[in-house]
Amino acid sequence: MSAMKILSAIAGLILLSFATNVRADALSVKDAVSGPTDFPLVVAGKAAEILTDKDDATVVRIAAGLLAHDIEQVTGVKPNVSDVPQLAPVGFVVIAGTLGKNALIADLIKRGKLDVKSVEGKWESYAITTVTDPFPGVTIALVVVGSDRRGTAYGLMDLSEAIGVSPWVWWADVAPLPRKNLVIPAVSFIQGTPSVKYRGIFINDEDWGIQPWAAKTFEPEVGSLGPKTYAKVFELLLRLKANYIWPAMHECTRAFNSIPENKRVADDYAIVVGSSHAEPMLFNNATEWTLPKDHWNYETHADEVKAVWEKRIQETGKYESSYTIGIRGIHDRPMQGGKTTADRVKLIERVFADQRDLIARYVNPNVESVFQIFVPYKEVLPLYQNGLKVPDDVTLVWVDDNHGYIRRLSSDEERKRRGGSGVYYHLSYWGKPEDYLWLDTTPPALIWEEMHKAYENDARAVWVVNVGDIKMSEPGMEFFLRLAWNVDAWDENSQMTFLKQWAAQNFGSENASEIAEIMDEFYRLNFCARPEHLHLTQFSENYGEIERRLDRFAKLVSRTDAIYAQLPPERRDAFYQLTVYPVRGAALANQMHLAHDADKAMLAYEQIQAETKFFNEKIAGGKWRNVLSSNPRNRPALRKPDSKPQTASTNSPSSEKETPDADGIAFEAEKPSRMIAGRESTWKVIPGLGRSGDCVALLPTTAPVDGKAALQYEFSSPQTGEVKILVYCIPTLPLNSAHGMRYSAAIDEEASKEVSIATKEFDAAWSANVIRGAAIGSTNHSLAKAGRHTITIRPLDPGLVFDKIVVDFGHTKPSQLGPPAK
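Each residue of the sequence shown is one higher than the one before, counting from 2 in my numbering.
Wrong hints could be hidden among the right ones.
With a straight-line cut-off of 30 Å between C-alpha atoms, the simulated DSS-like cross-links for lysine-lysine are [to be verified]: (1) Lys472 / Lys264; (2) Lys229 / Lys312; (3) Lys233 / Lys102; (4) Lys55 / Lys264; (5) Lys198 / Lys312; (6) Lys641 / Lys614; (7) Lys641 / Lys472; (8) Lys347 / Lys312; (9) Lys556 / Lys641; (10) Lys47 / Lys233; (11) Lys761 / Lys417; (12) Lys379 / Lys390; (13) Lys233 / Lys55; (14) Lys233 / Lys624; (15) Lys319 / Lys55; (16) Lys379 / Lys294; (17) Lys556 / Lys472; (18) Lys307 / Lys319; (19) Lys307 / Lys264; (20) Lys198 / Lys55; (21) Lys390 / Lys340; (22) Lys501 / Lys619; (23) Lys198 / Lys102; (24) Lys118 / Lys198; (25) Lys118 / Lys55; (26) Lys624 / Lys217; (27) Lys379 / Lys433; (28) Lys102 / Lys123; (29) Lys379 / Lys312.
Just so you know, the hints here were simulated from the structure itself, not pulled from any lab data.
Remember, it's a predicted structure, so these values are computed and weren't measured experimentally.
Generate coordinates for the entire structure from the input sequences, incorporating the hints supplied.
Now the structure itself:
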């Protein structure tokens, strides 16, 4: 059928908007052609051909193939993908290519049909535009042109999202809504440079999930994460517009670079391969170091260590990689060598020099142009703070405390460094004071607060997030990467905004609001006590706190089950993976610990095992067999109960009471009587973050803390005498080396009392804070008279996030401020 006949056949169809557009500012898709500039991607059972160029990057052809497959999933019609430099008369075509790598696009530019000035020379930018009468015999072309190979691939993946295909189409079995026609109205969209240059994930602590799944289920021929598994990981990263990975590196897994095909697959998908803080120069010392372990010591055996680095960089130098410089001990242990701090500083500086010499020899003589990172993780940070000189072109990758709170960011002086800075963040962790490897319980609101703060303070070179096994980290992983792509798309209301979009994208708009509310409540409940931390968490028997918590979980399960029951069969697998299992799992874990009935606790445990078995064996026909453990690393909170549960309880004031009584008065911090802004800052409520209610913070964190900003709370008391003011804050850490974590508190006109809630990582106070999700400051005050009073709280450092204010009349014991450190 000719192009004109197709247009004629479909011109009378009724125009319908596509309800699940992912990005209204970029692309829209409708059901019918209504004008001569509309592009019929699929109409009347025919699909436009997708044209690439044989001289373009492999990732462009991969992305074109993914788009064709996605179109077939939506419409049942698969477009032909051609890799030819010449164009035959075909009516309607998609032309996808990279500047300088596609002959058809070059011709359009030469003839003035296509203007690419807005993307030319940019990093990972692209344009999507319709061009009428581009070539003889072609009525309309939809052109996807990238500034570089990833830009082109991202543009094609934008088309996939626009037609209703979720990034989780394979990794969570999200079935797209079927449609007969896909029509793209005339468009001229420009995607500029992403907010963060390198955006990626770290697959880690993989022993109980993705490694056994890959080894036994998906890729048994390799017996580990191999090229087949990584191809699927890299596809997911492309769909989420990520470009960077630290591969899995535990002893149970074959080292990424020990399988030559892995490197080639990464290059095919245009994914930049780096390595974690424990793997210098892309060398996995946990499995690849075959000499005695005490020889992994640059002070005593430098030649042996340098030899393996030299071999590795010879293998990887031709690929797009990042090089982690410095040295730590084998598999995340402290560095060997050096008796004093000064000795260790000098030793690492020697390591830097030798590593950069290898980079200059085997990658690029201009070593300053090669992407290198230094990660001051755990014991390395004190060495950096004691004078370690990191080359100015190397990117400093700051780290959170493993529980979601960034340890520090760049000072004003460090922000001038040419290499800039980035962040390594955790959504999953094995370590002190307790693991959280099972469920994704880090609220998007916390990710926004911490990572937006990082971006404000110029941590924009690289963001990498520890996602554990990928499975169970899906929402957090997606939000982190979307925020890295376009940080300005999200404000302090990010949690519900994202969850509604995420729910619509994966389950349809009809249930999006209800699912978003379910997930919002899920994150709120788990923030103050992750399931893996329940054995360390105290809840009050007073005021029915435990009963309220169990009742909230029960209602959450009921709402989730109601949606699950009415979803069409093709959507149930995805909903079970992304919502049902985590909601049921968290509820059952709380039942195990908080029920006063041993039989109920045992039943809850058995139900967790049954849900996990169903996930592994039944979902998607057994596709995910071996991917999920009900208790990674056999931690206490998730073990089989052997007796009547022992509920840790206190007599602490209820977080919901706001009236005077024998204990005190509690205020939600975000609901003061008055908010007084700073000269260059303002108070912002962050919904979804906090132990109860929401939180409030003074933003931006780059503004000077001038002493003007304040929160004021009014209350009445018939009592006089001594009182305490307890201030619950999110346990964020000092912004940088120039700041602490101080606030002041006062009642009425008295002199303000200054408090510091700063902690040292791994000390008892820090451990208590991360387990309960709160840093609690306390000041003593005196009520000279009964009646009306005003509390004034002033931040004295940037980065404080206030959750709750409690006036304690003297009946709260110190132990009741939170769980004891373990």
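Violated hints - listed by number, lowest first: Hints that this structure does not satisfy do not exist here, as all of them hold.
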